[in-house]
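A.B. asks: These are the residues of each chain, in order.
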Amino acid sequence: MPDPTNGEAVESTKRRRLLGLLGGGAAVSLAGCSDQEPSDGSDGNDTDGEDGSDGMDGEDGEDEPQRTNADKAQAAWESAVDNPLPEDEELRQEAYIEMEEAARDDAVLIPLYHGLTELFWYDYVDVPLTGALGKHWQQLNTTTVEGQSELNLINSTFDELDPIMSTDTASSIVITQLYENLTAFPNGVPEIENQLLEEYEVSEDGTTWTFTLRDDVQFHDGTEMTAQDVKYSWRRTVESENSERAGFTLNQPVGLGIDAETDDEGNVVPDSLAVEVVDDQTIEIQLVGPNPDVLDVIAYSSFSVIPEGYVGDIEGYDGEVTHQEFSTEVANGTGPFELGEFNVDEDVTVVRNDDYYGEVASVDAVNWEIIEDSQAAWTYALEQNADRFEMPTFAYEADAIDAESDDRGRQVGTYGPAGELNEEVNYLGISEISTYYFGFNVSNTQQAARQAIAYVMNKEQIIQEVFAGRGTAAYSFLPPAIWPTGNDGYNSFLDEYPYSLGESDIEGAQSVLQEAGITPDDPVEMTLTTYEAEVFQTAGELIRDLISGTGVNLSLETSQFSVLQSRGEDGDLQMYSLGWIWSWPAVPYGMFQLEPLNTDTSTMPTETNGFYLDWQTELNEEAE
Amino acid sequence: MSRWEYFVKRLLLTVPVLFSVLTFLFIMLRAGPIDPVAARLGPQAGAADRAQLRERLGLNDPLWEQYVDFITDFLTFNFGQSWVVQAERDILDIAVGAAPATLWLGFWAILLPLFIGIPLGFYAGLNPNTLGDYTASLGGIIWQALPNFWLCVIALAVLRRTRNDGGLFGFDWYTLGPDFAARDISITGTPRLEWISTTDVLMLPVPYINDWTALAIDIKLILPPAIILGSASMAAELRIGRTAMLETVNSKFVETAKAKGLSSRVIVWKHIFRNALIPLLPVITSEAFLLIGGSVIVEQIFNINGLGRIFFQALTQGDLPMAGALLFLFTVIILGLNILQDFLYTVIDPRVGYDQ
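These protein sequences, in sequence, are chains X and G.
Sequence positions in the first sequence follow my numbering and run 11 to 634.
Sequence positions in the second sequence follow my numbering and run 177 to 532.
Hints in this document: simulated from the structure, not taken from any laboratory.
Possibly wrong hints are sitting among the right ones.
[Said to hold, decoys possible] To give a feel for the contact side, a few chain G residues facing chain X, derived at Cβ under 7 Å:
1) Gln262
2) Val329
3) Leu332
4) Arg336
5) Thr338
6) Ser362
7) Thr364
8) Gln476
9) Ile477
10) Asn479
11) Asn481
[To be verified] Some residues of chain G that are not near chain X, with every Cβ distance over 10 Å (derived):
12) Arg230
13) Gly437
14) Ser462
For clarity, every value in this text was computed on a predicted model and none was experimentally measured.
Beta carbons: idealized from backbone N, C-alpha and C, even for Gly.
Kindly produce the complete structure, drawing on both the sequences and the hints.
C.D. replies: Structural data, given as structure tokens:
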């Protein structure tokens with residue numbers, strides 16, 4: 011049934027789901043990788059501390075005359091992976107930027123935009139500003155509401171409260187209030203801090219980490235939190251059949267890389283995960299190789315601590331509650347709130363934990379009404395039934411924003427009164443750590459044609475047309491918030507951007523095509539496959555119209571997300587659209603997909619799990 | 177053929193209909209473009225996981241065996257588990273949880289048109305070509321032409337603007353009747369339906385209403401979506417009611433009744449009314465079809481957690497067993513209503529079923 015008013019809601023639902031898939035997909039494929047190829051080292055999952063591209067070792071240092079961008083990217087990735095110790099930080103930063111430059115110069119991946127979150131809240135609410143990681147990292151115990159005893163918010167649909175099952179932001183928003191990790195990114199600001207952790211020690215080779223836990227932490231049922239609970243919780247991430255994030259525990263560099271034994275079928279042998287309880291307050295983990303991002307990774311929600319033996323889905327435990335109950339009915343964490351009531355698809359309530367070891371919440375409870383439709387959500391917000399909310403684009407007036415950039419690059423200020431909102435509310439605009447991009451299968455496309463598309467693409471215009479300006483134009487795969495060399499480094503990367511910044515450079519496209527001998531009389535045919543997202547479809551139409559007549563004939567097609575993915579894995583795409591969201595703000599968690607050897611579609615999704623680029627075909631330094 | 181034979185015949189005819197629907201669903205689920213294993217596991221699951229799930233779902237069995245299992249499962253309301261929308265939860269549990277809200281919405285969406293559309297139509301039919309007739313008829317046509325999704329959006333926009341003493345509209349929907357503003361209740365959302373209890377009278381549980389305020393809140397909450405959902409059928413009832421009335425008024429038996437000197441009240445209520453109801457009956461029962469289709473959009477926009485919204489989610493997220501099970505339930509409901517319609521026909525109109 012055609013329903014224009016619902017289009018947006020459907021769109022946003024779909025988008026969220028897709029992103030869930032993206033994040034989930036990565037983990038699943040990683041898990042698959044470790045399951046099936048536990049020791050062949052094809053993807054940095056090996057135990058000998060090397061980078062895993064065994065076939066190439068010894069060759070990457072040599073500078074051959076015809077060094078391609080792919081060679082440059084491969085060498086850079088390997089040097090980053092080979093130097094994981096803290097003192098090599100600078101070297102790694104440079105390597106990642108080299109990878110960015112290689113991808114940019116070869117135009118194998120053209121970023122389109124970084125997501126922008128805009129939050130609005132009424133004046134009677136005092137809530138800390140959230141950071142680039144998103145509001146689902148924010149514990150609401152420091153939020154105060156004037157004149158009300160409860161905080162009321164809006165959330166999307168979700169159906170699980172088990173931290174190891176959660177792959178979407180809707181459930182993490184609630185899980186963050188109930189459960190805690192050893193470390194955390196308070197308020198989603200990309201700066202790691204201790205949560206349940208008192209202090210840590212790293213061995214000299216960077217593979218043994220010793221964590222000392224706080225000794226004053228209790229679960230909601232009153233029992234003390236100890237090292238045994240941490241071990242049990244982390245074992246669940248790899249041994250439970252419910253876990254969707256085993257890869258984050260087992261793999262390196264996109265995960266912790268804790269050592270574990272696997273059986274013939276590739277499953278982790280029960281209780282073989284190298285997590286050792288030293289005493290009640292101390293735990294020691296053994297990694298397969300040094301990992302600079304350990305503290306970042308353990309902040310991810312799947313590493314949340316639940317009481318030992320609470321659920322019986324791993325060997326040796328009967329469980330106090332069934333997994334079904336644990337998913338939606340009960341919770342027992344260390345967080346500042348306890349679970350009140352969860353009516354799937356209707357509402358969720360958490361109530362204050364009065365025995366919280368940190369700052370006890372000022373509100374009695376937090377309620378989330380679960381709303382998918384943007385009309386209903388906007389009504390709910392206007393009624394002041396939601397104290398903090400997001401704004402649907404149909405109600406949004408960019409002129410009503412009065413905000414200034416703060417030291418973290420966030421837009422902070424006020425909005426309104428505008429439209430139906432007849433009072434001034436607080437405003438926060440944050441560029442997220444996510445990137446939506448066009449990718450190219452290198453073996454099916456010509457470099458000049460790819461570059462021509464980069465020349466004609468006016469990202470600002472596309473964002474303006476589709477999102478009413480609510481997005482950040484992207485010129486690099488890595489979002490500015492986690493750019494390895496900071497804000498200045500990002501700006502100089504922008505200064506060197508060879509294609510068009512904020513305009514459509516058709517002459518540039520023509521000249522690069524002419525150099526490659528492509529003329530309008532003998533054009534190159536290319537197909538752009540997008541999933542069902544308005545932004546990519548509109549962008550595709552704009553690009554097609556701009557580039558026609560220069561020598562590239564672009565045709566557009568839309569396919570289902572899952573179809574696009576499986577075609578990508580088959581190497582059956584030319585130009586396509588996808589997105590990536592960082593689960594923690596570490597550069598390699600994202601960059602691994604640009605490692606040319608990892609973009610080999612012929613071995614996806616089991617051995618390789620990069621972008622669908624087939625960039626390895628451009629490697630000259632590999633003996634073929 | 178007696179009228180009861182006719183009724184039984186109609187009853188038997190629903191069996192092949194039900195089977196063809198089930199067969200159609202089976203083909204859609206098994207031969208459609210969405211692979212059940214991929215939809216359940218996500219696109220990047222390992223080959224071993226896929227094979228295991230394929231076996232567990234019984235997809236390696238012979239097709240006829242799958243068909244028989246499918247039919248038996250559905251006929252015994254054993255729908256299995258949802259894949260995506262509420263992954264791993266029992267579909268029947270989800271449907272039973274969501275059904276009361278939809279029933280509450282449907283109840284009012286049928287009741288309101290009945291008590292607005294039919295009296296207006298009869299009034300227009302009794303007073304043809306007067307100003308009142310024109311107003312009612314024109315209003316009916318416009319009302320029928322307005323699409324539900326548009327009405328929903330406009331209704332929300334208008335109602336939420338009446339907050340804090342109305343402004344332009346002169347009334348405050350929030351404080352009218354049960355006070356929503358003071359209770360922090362939104363005009364969108366799912367009715368709680370917590371005002372009903374049961375008490376045992378002579379060992380039998382008898383429902384009674386224990387909280388009249390909660391009942392009033394639920395009615396007020398459901399009124400706007402129910403009026404919108406019933407709007408199309410209200411207009412249809414108005415127009416058919418008018419025509420039926422006009423036809424009956426001009427028929428010979430009315431003339432005879434007049435000639436006998438009956439009072440006009442008796443003529444209208446005893447003779448015209450009953451006969452005019454006959455063409456209205458299929459309109460009223462076929463409303464159920466409109467309601468089920470329409471509730472998908474209305475529930476989505478008014479954020480009512482009912483069958484329609486779940487159906488919408490199941491469709492947009494590729495949750496095939498959920499969408500299939502709901503479609504089956506909808507089919508059963510519509511078939512049931514058709515039988516009810518035939519039953520009422522045989523009661524109201526004695527001519528039904530007799531050979532000419």
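A.B. asks: Indicate, hint by hint, whether the structure satisfies it.
C.D. replies: Hint check results:
1. Gln262: holds (5 Å)
2. Val329: holds (5 Å)
3. Leu332: Given a least distance of 5 Å, the restraint on Leu332 (chain G) holds.
4. Arg336: holds (5 Å)
5. Thr338: violated (11 Å)
6. Ser362: Cβ of Ser362 (chain G) sits 5 Å from chain X, so the hint holds.
7. Thr364: holds (4 Å)
8. Gln476: holds (5 Å)
9. Ile477: With a closest approach of 5 Å, the Ile477 (chain G) hint holds.
10. Asn479: holds (4 Å)
11. Asn481: This interface hint holds because 5 Å falls under the 7 Å limit.
12. Arg230: Given that every Cβ of chain X is farther than 10 Å from that of Arg230 (chain G), nearest at about 16 Å, it holds.
13. Gly437: holds (55 Å)
14. Ser462: holds (18 Å)
When each numbered hint is compared with the structure, a violation occurs for hint 5 only.
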